[in-house]
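Go by the hints and put chain B onto chain A.
What follows is each chain in one-letter form.
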Amino acid sequence: MNLAAMQGLLPLLVLGLGAAVLMLQISIRRQLGWSYAITVATLLLGAAAMEPAMQVAPLQVTPLLRVDNLGLFFGSLFCLSGAVTAVISRDYLRSREGENEEYFLLLLLSTLGAVILAYSTHVAALLLGLELLSVALYALIAYPERGTLPLEAAIKYLVLSGAASATLLFGFALIYAALGSLEYAEIAVQISAGRAATSPALILMGAAMVFAGLGFKLSVVPFHMWTPDVYEGAPAPISGFLAGVSKGAVFIAVLRWFLESGFFQYSSLLAGITLLSIASILVGNLLALLQTNVKRILAYSSIAHLGYLLIVLVAAGVSPEPGLAVEAGGYYVVAYVITTLAAFSLLGLISRQSGDREYDQLSDLAGLFWKQPGLAALFTVALLSLAGIPLTAGFIGKFYLISAGVDAALWGLLAALVIGSAIGIFYYLRIIYTMTTVGEQANPGTTADMLVGSRLVVYLLIFAMLYLGIVPEPLMGYLRTIL
Amino acid sequence: MLDFLWLIPLLPLASAALLMVTAGSLPRPLIAACGAGSVGLAALCVLLTGLSWAHDPVPRQMELWTWMQVGTLRPTIGFYLDGLTLVMMSVITGVGFLIHLYSTEFMEEDESLSRYFAYMNLFVAAMLILVMADNLLFLYLGWEGVGLCSYLLVGFWYRDPVNGAAARKAFVVTRIGDTAMALGLLLLFTELGTLDIQQLAELAQGKWQPGDTTIVLATALLLGGAVGKSAQLPLHTWLPDAMAGPTPVSALIHAATMVTAGVYLIARNHELFLLAPPTLLAVAVLGLLTLLLAAFTALNQHDIKRILAYSTISQIGYMFLGLGVGAWSAGIFHLVTHAFFKALLFLAAGAVIHCLHHEHNIFRMGGLRTRLPVAFWSFLIGSAALAALPFTSGFYSKDQILLAAYQWPQIGPWLWAGGLLGALLTAIYSFRLVFIVFFGEAQTEPDRQPGWRMALPLSILCVASIVGGWISLPLAEALPATQSGHPAAAVEWISIAIPVIGVSLAYLIFLGRQLDLSALVNSGLGQRLHQFWYSGWRMDALYNWLWVRPYQFTARLLKDEPVDLAYNGVVHTSVALHHLLSNLQTGRMRWYASTMVGGLIVLLAVLARAG
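In order, the protein sequence lines correspond to chains A and B.
Take the numbering used here: the last position of the first sequence gets the number 484, and nothing is skipped along the way.
Take the numbering used here: the last position of the second sequence gets the number 870, and nothing is skipped along the way.
Heads up, some of the hints might be wrong.
[Unchecked claim] Calculated cross-link-like contacts (lysine to any residue; reagent style SDA-like; alpha-carbon spacing at most 25 Å):
(1) A:372 <-> A:453
(2) A:372 <-> A:335
(3) B:818 <-> B:807
(4) A:372 <-> B:807
(5) B:818 <-> B:431
(6) A:372 <-> A:293
(7) B:466 <-> B:450
(8) B:818 <-> B:797
(9) A:372 <-> A:467
(10) A:372 <-> B:283
(11) A:372 <-> B:281
(12) A:372 <-> B:280
[What the hints assert, rightly or not] Cβ-to-Cβ under 7 Å is the rule here; a few derived chain A residues that face chain B:
(13) 223
(14) 226
(15) 261
(16) 475
[To be verified] Counterexamples of contact, computed for chain A against chain B with all Cβ distances above 12 Å:
(17) 22
(18) 191
(19) 297
These are computed hints drawn from the structure, not numbers from a lab.
Please read these numbers as outputs of a predicted model, since none were measured by experiment.
For every residue, glycine included, the Cβ atom is placed at its ideal position computed from N, Cα and C.
Isolated chain A, as found in the complex (with noise of 0.2 Å):
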């Protein structure tokens, strides 16, 4: 390890040192305010690292992970991420009594394995990352144990979550039998020095269970069954961090492992992919349409979001000029994160647990736009940005990938992906529609005290969406630039 090499890990260092410190202060003395102001300075500090390291990029450091533009940039994203879902935790937990200190411990490590995904070039440092990420997020989703609800949705994600790791590992190992090899440059060299051939099927197989494993992670159909529950069950604050944050996370991962690793070679796998797509886009959609609980709803809709984002791996490996197809992804990426982060931000703070439920139902939001416009509004932005509506960032996002998709010719995909936008604009627009009715039943008003931190950074996130939604050139050019 040499100075260079620190420089260009200096976001993981100080993610990792982080988690020190707060660990070292809760043994010292409990205090909720300083574990959360260590929290976030920390993912901030992790954030703003990426610019010394930038300097040392691309830069292999040990055989497990790269610090290239692609991982620093997707890193300070979800350590902002990271950031946003601490502020709106702070306010959520304000109604829990107990010691909530450790709560931002498991946040913060979560995020730093969210970070060790967008550097990984190894195997190795893939499972890492993957592992950090969960173990922290089963205990976050049992956090607030009311009820049996939080307890029963981390009960199922511990156990189908080990499950898919298992076969995620069982996939590994079969590539490795077949290539000797867990570094996904040695893979791709591998592969096209015609090693592969000798034994196809082995590898073939490999590719399935990984791509079963990780589908679990992104929840795509048919290994989503437990995303509703578990987003249901989970504090809303950490359902957006599991929706946005940890899928995005694996999304990045997937994507290197796939396009550095060249599997994008095997047109099989790509028909394997077209389809767990089309069927994500589809059953996403369907199962949100008449739901008639919020958060389900929007579990169901980041399904969906799922499955558009696969059409980006297809046309990476169809299209002879990948380079469009990756800028989509990462758009759509970057626009998924924010817009997911601010509905379950927004969520979070309306449905608000009081007396022994939280507000969640469709029906508990009618007549918001009437006793809390603003509310309503930023949630109506945010919606419409999930949809696809111009002007919002998600209407950028999605021209892209259709761009992209019809670069690659993908008929069938963006056949589906069309109209699954079409399903998804009646639930959104119901979803709209419903906080406009006058209503009695909506909570009653515990949404006005919302803390100073939580309406800035809610702000900041309607504010990023529109923003890129009016003005996308800048980040399209950056990520051109970096991809």
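Chain B only, in chain A's frame:
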């Protein structure tokens, strides 16, 4: 100042946004100051821009930002500044400001003052975007914005369903033109891969020979848009009804600026139109037909605003005629002078209506010469310019158009003769209005006099209507020169004499009564002809029969939504699938785990088959 060009449309836009957001909660004087002041400031900016541009009068293109870049599609927000833009900007902000100032008094007692100024400012902003845009897509944004504001303002007094119907009509009829224009844009984009106006001109000249089918089709589609917005045949029927809005709105939108958008569009894309001689011929012929048709109609109206509305249609016909015969700068020149005198006439008519308990019928006015002197002088000067009497602004511009028409090969003299007939009629109907309203017996007493905020814009416009003809517009660089050469002196003399003859005829018929036409008018044929022209050549009835009734019939036929059966099928399928899939979400972990295994097996099978 040239770097701050974006400030010009932004000022009225910001004011509109402010007035919309505050929704009338501001004090009324502040609303008026904001509404009129923002346009005044914009006019000031245009003046400064013009001064600094004059030092170095070369066309400039300014790109503010690229909205996005995906493949070859690259919509930008950018401005183009040359003589033509500057002329249009000056007219819009200058005349616009005077009308806004006038409005502060005219609309003083209206309860929705804030809404009024918000719409007016938004309109000015949209119109500025239209003329400043450097590409047709951005221009189209302004184009649609103008259409929207016109809808909002025509239906401003929305409580009366008649006004709502007029607004709808304006919107629907112009929409037909807009659709044609959108198709034209798409055609140009598919053929040339850009919508930048300057690049289009360059690429088109390289790609097509004059008269090629594609360019003729593209320009014809653009002409469709122009015809809709500029109220020319066959899409002119909306304009007379659009008089339902407040009178300053009529002055701003339906006389001085918006209806000239079509003229601007053709002038701005003259390189394209020059490649399509058949389209240019159509422009000229449509212009001539429209100007004659509207002039006959104007002669038979009773409503002061409808007379002016038809005269607007007729005058824009002259502009189209000018463009069609290649007199590009004469067409724009007439646009400018027309903006002055038509704004003047409408505002003066507004003053009459305002002071006369909202009376519109000219036969219930009369003798107002001494009672409303400000309105009288304004009307007199405006009508003189409209009739193109010598030494008024309208004379110079119309004369140039007619002379150019005369020199046009082949059918030129016919166009010229038609234009002259129009000029004769113009002189008669405009002075018919003056003589009936301001001379003779008083019918209704005015209950007030216009204040300074109405009198000042009128006076300024009076001056402009006279001296407007002496300005030389900086169009030499922007538009191709008119073919030179002097026709016979007789042609010029006839052009000068015709308006004078027209005014004399009007005097003899309507004031002196030496020429008694009552026998002719009261005869059966005369009555029928009067009715025919009064109804505007029965165009509304024709369209009603041709389009509206068949459309309504089809709508009734489809009342039970037979077409929707297919869509309902989609809905039912979706709902059924939703329930089917929802039933799979059992909440049981063992089921979830088995679906994962099942999914993996399917995936393996797919890979095995395909591999």
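Hints and how they fare:
The straight-line distance between the Cα atoms of residue 372 (chain A) and residue 453 (chain A) is roughly 20 Å, inside the 25 Å bound, and the hint therefore holds. Between residue 372 (chain A) and residue 335 (chain A), the direct Cα distance comes to roughly 32 Å. Violation of the 25 Å bound is thereby established for this hinted pair. For the proposed pair residue 818 (chain B) and residue 807 (chain B), the alpha carbon gap of about 16 Å is at most 25 Å, so the pair holds. This hinted pair does not check out: residue 372 (chain A) and residue 807 (chain B) have alpha carbons roughly 44 Å apart, beyond 25 Å.
With a CA separation close to 21 Å, the supplied pair residue 818 (chain B) and residue 431 (chain B) stays within the 25 Å bound. Straight-line distance between C-alpha atoms of residue 372 (chain A) and residue 293 (chain A) comes to about 21 Å, which keeps the hinted pair within the 25 Å bound. Under the criterion of a C-alpha separation no larger than 25 Å, the hint pairing residue 466 (chain B) with residue 450 (chain B) is consistent with the structure, at around 9 Å. Distance check on the hinted pair: residue 818 (chain B) and residue 797 (chain B) sit about 30 Å apart at the alpha-carbon level, beyond 25 Å; violated.
For a cut-off of 25 Å, the pair hint linking residue 372 (chain A) to residue 467 (chain A) stands: about 24 Å separates their Cα positions. With a C-alpha separation of about 22 Å, the suggested pair residue 372 (chain A) and residue 283 (chain B) falls inside the 25 Å cut-off, and the hint holds. Using a Cα cut-off of 25 Å, the hinted pair residue 372 (chain A) and residue 281 (chain B) holds, with the two alpha carbons roughly 19 Å apart. For the hint linking residue 372 (chain A) to residue 280 (chain B), the alpha-carbon distance of about 19 Å falls within 25 Å, and the restraint holds.
For residue 223 (chain A), the shortest C-beta to C-beta distance to chain B is roughly 3 Å, which falls under 7 Å, so the interface hint holds. Taking 7 Å as the C-beta cut-off, the interface hint given for residue 226 (chain A) holds, the closest approach to chain B being about 4 Å. Given the 7 Å rule on beta carbons, the hint for residue 261 (chain A) is violated: about 21 Å separates it from the nearest Cβ of chain B. Checking residue 475 (chain A) against chain B by beta carbon gives a least distance of about 9 Å; that is not within 7 Å, so the hint is violated.
No Cβ of chain B comes within 12 Å of the Cβ of residue 22 (chain A); the nearest lies about 38 Å off, and the non-interface call holds. Residue 191 (chain A), annotated as away from the interface, keeps every beta carbon of chain B farther than 12 Å; the closest lies near 17 Å. Distance check for residue 297 (chain A) against chain B: the nearest CB is about 9 Å away, which does not clear 12 Å, and the non-interface claim fails.
Violated hints, in rising order: 2, 4, 8, 15, 16 and 19; the structure is consistent with all others.
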